[in-house]
Each structure stands twice: as structure tokens, then as C-alpha cells.
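Throw the hints in and build the complete structure from the sequences for me.
Residues 10 to 194 in the numbering used here are what the sequence shown spells out, letter by letter.
Be careful, since some hints might not be right.
Unchecked claim - Taking lysine-lysine and the DSS-like style, the derived pairs with C-alpha atoms no more than 27 Å apart in a straight line are:
1. K172 to K115
2. K106 to K78
3. K159 to K101
4. K101 to K45
5. K101 to K172
6. K101 to K78
7. K159 to K45
8. K45 to K119
9. K115 to K90
10. K190 to K164
Worth flagging that the hints you see were computed from the coordinates, not collected in a lab.
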Amino acid sequence: MKYSKVLIAGIILVLSGSIMSSCSGSFRRKMMTEIKTVELNRFLGTWYEIARFPHRFERGLTGVTATYKLRDDGMIEVINKGYMNSLDGEEKIAVGKAKVASKDGKGHLKVSFFWIFYADYFILELDQQDYSYALIGSSSDTYLWILSRKPEMEKATLDMLLKRAEELGYDLSKVEFVQQKTMNN
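As C-alpha cells, this is what we get:
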């Protein structure tokens, strides 16, 4: 009896993992077709986080920026910076690395902030003229960022990026807006 309960629990675990992975896989395949072509050197530099989906590693952070720098080994240094609970709060910095995941010029990176574990980073929308805004997603619908080269974004641009995210299957009810240091505060 004891073994049958363990066996049933194991089967349920395997089946639920398979179902979750197939759901995630179809979202990933859809996102892979949406990735924009990017000139990496133009994408490097500092980006301001305008909006995001909430997740534990940015909980309570305001004034968030992400800075991308090319390293000597060809990898990309990723420096995420933000302030706890207010723009005057304690500064928090996370340093990671990224590598280009596609060889065809597509904006698909693999990003790691913890040892050997990498996550997909998809550039889903990008201002092709001057790289002033970007819509970033991942291989699941749990991560989403709207980035700008400036701490503020025009409403029309923000609305366009939110609409695009919704078209891609992101649930906009999860979006939270990030307070940034501007001339007004």
C-alpha cells in the first residue's frame, strides 16, 4: 500500500511536469518566432525599467536600471541596479552575465545571475531607428519588461508596447510600473 501511494504520487508528478513543460514549450516556440533582429553593440548601454511583471528578485525595487557591457571574453556583463522601497532607499546591485543564444542576429540572449543557470531573454520589440525602447520577454509568460533609454517614456510608446505584449499572450493585469528618478522627483 505504501509503495502504491509513492508510485501514484510519482506518476502525478511526472504527468504534471510534462503538462507544464508542454504549455511552456508552446509559449517558447511562439516567442522564438517573434524575436527581433538586433545589433548587439547598439543594444549595449543603460536601460531604464519602465514596467515589469512582478517577481521576487525585484520585489520592492524602484529606479531600476539594467546596464549591458561587452566583456573581453565576448560575454555580456549585466548590471541591474535599483533602490529598496523608494528612490532614496538602499541601493541594490546584481551583477550577472549574458551570452548571445542565436547566431542569426536575433535578439535571443541567455542571462545568468547565479553560477551556471541561464534563462532566456527575448527582445520581442525594439525601436529599430535609435534603440530607444525595448520589450523583453522570456520562454514563459511569467517574465516581461518594458525598457527605455530615458527614465520616462511617452504614453503612446508605452501603450504600443503594452498592446504588443498583450498580442503575444502576456496578461497585462500583472504589469507593475516602476518609479524612476526624473526631473519631477
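Indices of hints not satisfied (ascending): The structure breaks hints 4 and 5; every other hint is satisfied.
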